[in-house]
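**Student:** One letter stands for each residue in the lines below.
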Amino acid sequence: MIRRTACALGLFAAAAGPLQAQDSTSMAGMQGMQMGAAASMPIPMPAGMMILPALAGLLPPVAPFLPGIGVDRSMLAATTPTTIVRLRNGDTLDLTATLVSRNIRGKAFVMYGFNGQIPGPLIRVAQHATITVRFHNHIDLPSSVHWHGLRLDNRDDGVPGLTQHEVPPGGDYTYTVRFPDAGIYWYHPHVREDIEQAMGLYGSMLVDSPDSDYYSPANSEQSLMLGDLMINADTLIPFGREAPDFALMGRVGNIPLVNGEPDWSLTVKRGQVVRFFFTDVASSRTWNVSFPGVAMKVVASDQSRFEREESVASVVLAPAERYVIEARFDRPGRFPLVNAIQAINHYKGEFEAVVDTLGWVTVDSSPATPDYAASFTHLRANAAVSADIARYRQYFSRPPDKQLTLTVAVTALPLFTVQFMSIDTAYFHPVEWVDGMPDMNWLSTASQVRWIIRDDATGKENDAIDWQVKRGDVIKLRIYNDPKSFHPMQHPIHLHGQRMLVVARDGVPTANLVWKDTVLIPVGSTVDLLIDASNPGDWMLHCHIAEHLGSGMMTTMHVR
Amino acid sequence: MIGALAAAVLALASRDPEGPYRIVLLPGARAPGAHGEARLVFAASPFGVAVTADGRHRYNVRISAANLPAPATLGPYHALVAWEVSPDLTEWHRLGTVSGDTATVGETSMNKFLLVITAEATAGSTTHTGPIVLHGTSPSGWLQTFLTHPLFRGISQ
Ligand SMILES: [Cu+2]
Numbered sequence: 001m002i003r004r005t006a007c008a009l010g011l012f013a014a015a016a017g018p019l020q021a022q023d024s025t026s027m028a029g030m031q032g033m034q035m036g037a038a039a040s041m042p043i044p045m046p047a048g049m050m051i052l053p054a055l056a057g058l059l060p061p062v063a064p065f066l067p068g069i070g071v072d073r074s075m076l077a078a079t080t081p082t083t084i085v086r087l088r089n090g091d092t093l094d095l096t097a098t099l100v101s102r103n104i105r106g107k108a109f110v111m112y113g114f115n116g117q118i119p120g121p122l123i124r125v126a127q128h129a130t131i132t133v134r135f136h137n138h139i140d141l142p143s144s145v146h147w148h149g150l151r152l153d154n155r156d157d158g159v160p161g162l163t164q165h166e167v168p169p170g171g172d173y174t175y176t177v178r179f180p181d182a183g184i185y186w187y188h189p190h191v192r193e194d195i196e197q198a199m200g201l202y203g204s205m206l207v208d209s210p211d212s213d214y215y216s217p218a219n220s221e222q223s224l225m226l227g228d229l230m231i232n233a234d235t236l237i238p239f240g241r242e243a244p245d246f247a248l249m250g251r252v253g254n255i256p257l258v259n260g261e262p263d264w265s266l267t268v269k270r271g272q273v274v275r276f277f278f279t280d281v282a283s284s285r286t287w288n289v290s291f292p293g294v295a296m297k298v299v300a301s302d303q304s305r306f307e308r309e310e311s312v313a314s315v316v317l318a319p320a321e322r323y324v325i326e327a328r329f330d331r332p333g334r335f336p337l338v339n340a341i342q343a344i345n346h347y348k349g350e351f352e353a354v355v356d357t358l359g360w361v362t363v364d365s366s367p368a369t370p371d372y373a374a375s376f377t378h379l380r381a382n383a384a385v386s387a388d389i390a391r392y393r394q395y396f397s398r399p400p401d402k403q404l405t406l407t408v409a410v411t412a413l414p415l416f417t418v419q420f421m422s423i424d425t426a427y428f429h430p431v432e433w434v435d436g437m438p439d440m441n442w443l444s445t446a447s448q449v450r451w452i453i454r455d456d457a458t459g460k461e462n463d464a465i466d467w468q469v470k471r472g473d474v475i476k477l478r479i480y481n482d483p484k485s486f487h488p489m490q491h492p493i494h495l496h497g498q499r500m501l502v503v504a505r506d507g508v509p510t511a512n513l514v515w516k517d518t519v520l521i522p523v524g525s526t527v528d529l530l531i532d533a534s535n536p537g538d539w540m541l542h543c544h545i546a547e548h549l550g551s552g553m554m555t556t557m558h559v560r
Numbered sequence: 001m002i003g004a005l006a007a008a009v010l011a012l013a014s015r016d017p018e019g020p021y022r023i024v025l026l027p028g029a030r031a032p033g034a035h036g037e038a039r040l041v042f043a044a045s046p047f048g049v050a051v052t053a054d055g056r057h058r059y060n061v062r063i064s065a066a067n068l069p070a071p072a073t074l075g076p077y078h079a080l081v082a083w084e085v086s087p088d089l090t091e092w093h094r095l096g097t098v099s100g101d102t103a104t105v106g107e108t109s110m111n112k113f114l115l116v117i118t119a120e121a122t123a124g125s126t127t128h129t130g131p132i133v134l135h136g137t138s139p140s141g142w143l144q145t146f147l148t149h150p151l152f153r154g155i156s157q
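Going down the list, the sequences are from chains A and B. So for the first sequence, our numbering puts the first residue at 1; every next one is plus one. So for the second sequence, our numbering puts the first residue at 1; every next one is plus one.
To be clear, the hints were calculated from the coordinates, so they are not data collected in a lab. The model shown is predicted, which means the values in this text are computed figures rather than measured ones. Possibly wrong hints are sitting among the right ones.
As the list claims (entries may be wrong) - DSBU-like mimics (lysine-lysine), calculated; alpha carbons at most 30 Å apart, straight line:
1. A/Lys402 with A/Lys348
2. A/Lys402 with A/Lys484
3. A/Lys484 with B/Lys112
4. A/Lys470 with A/Lys460
5. B/Lys112 with A/Lys348
6. A/Lys348 with A/Lys460
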């Protein structure tokens, strides 16, 4: 077993090669990327994995980009702790994206923050509230804000090219944000997510139900946004300026982050029940997180509670998914929050257990009051959720209205990459938990890789699919993730502005339903979705792996 | 180089077109007419993807087989039992009994495994003793040492 902690930076020092510390005053650090074939790859490699000699001199065919080129880092404010902003119906929030100085393990990096924070302010509102958010773009890229999972008005969805123009550097945009459903949501830009989101532009929205019994009682609540960062010794790994790099499987960072921190910690009292709102804000990484030895139950996901609470040993989250988890810390001591996965070592042809420690919960010996042991042990059935879903059951088994296939096309990748990948796809994990071949992945950019959503009926792909839906219709959508493509990979598919049920996977009906906006589709799997197309407008359907989206993996559903 | 390229193409073409969930079952010496396949279907999970806390995928094993011999024709046996077996054959975990029709026999969570169906004295046998009727390899068995792959040896070998 490989047991890693986020402090494994030293492992990568040897590969530091051409990249210098992020330079705040010149392009020197960036130009290091363009050094010739003699230079070793600057990207961090998993422990024990070599960079293939045939690839060592290659560079992705895009110019390198990092936030704040030419900016004096010493002039930037350091990030401040995330604030909880409680807003009432009719309130206004100013949300400003800026360059910030972010300290990770003693190294300062130029990143982005909302209101100087990573994550940005946690917006806490009552269900059915409407707020105004004045967004101010003070970063060095055009931007926007998408209110992920909210069934809000289409004009406020934050998607440039579809519902608004990009907000240029120095520009402003005012959003009206309404919250029809209780639960946990998040906001992030919908412009170059591979850069802007990865560099810190994300924040939570916690929507409180008027029903005080909506969740079981808990002693405290925590929003945990799980992300990652790719660092090599003392520098961020640049992004592709013209197009995303890491286009094959997305940028999987080597430093896991909880709420933007590599060392998350929490102190609780013995017996305390904590309600965790987990959100995956990583570009590409699917997590399998747990507190070993601590009892957990899953209560809710993207847009609703489950029909029934379930005890769980771990929490699987794909990019953009949310799960509400309650955990009871019944013994004093220190308990790690771990991400435990089985990596594939393609060189050795073996699985390798990898455990990343994301943080620690320290449990005091003093008892929590009140003691919610009894209510925690009880797994509730949420009759209101089942009743809401009941009127959709008549549609569950009908034939799909639309069928989509997920695949990929590549051109002009390095020959060695093509050869290796062709061999390598003899077996792919249905879910790739970690990047086993970062050297090849880095070299693939959106100019060579085109991720595809294909309409089975018309053969049309991505933007060309002109999908018209009548408002109020219930749509059955079947999506198949084709394992025969050059590089099959799981895709977390996100639908904007509506809600949907995953009614079956691979023909097996779902036993415990929940309203979702993002669904993980493993390689070779088929999911049947039932979309409640109640919200008029032009809504994106796309893969939430930032580099897949940046490589074309999106289409639009027009609800009229 | 041409040999290596051809090997790459062959490897791609020989990939199971149904991806990571299908196991072809081959007959054992005592049951030459038997054939079948198994499908790995994600076990029920609130997360859609079913995974153990240490990250191993959890699948229900659904077997469909034909021309299975009656166990008694092979010796003092009364049941056919499916096992998940570690690739080095040291660990045998009973999955469940197999009859002629498609049936989910149990849940597996090994990274790589052999799926073996044997004839056994009773349906409840917890150790394997009888002859092998069908056997197959999990799709993850395709994951092999890259450096011994034909790409590096040429296809003539
Ligand atoms: Cu994708």
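**Student:** State for each hint whether it applies.
**Tutor:** Each hint, compared with the structure:
| no. | hint | result |
| --- | --- | --- |
| 1 | A/Lys402 with A/Lys348 | 41 Å, violated |
| 2 | A/Lys402 with A/Lys484 | 21 Å, holds |
| 3 | A/Lys484 with B/Lys112 | 21 Å, holds |
| 4 | A/Lys470 with A/Lys460 | 20 Å, holds |
| 5 | B/Lys112 with A/Lys348 | 14 Å, holds |
| 6 | A/Lys348 with A/Lys460 | 40 Å, violated |
In the structure shown, a violation is registered for the earlier hints numbered 1, 6, in ascending order.
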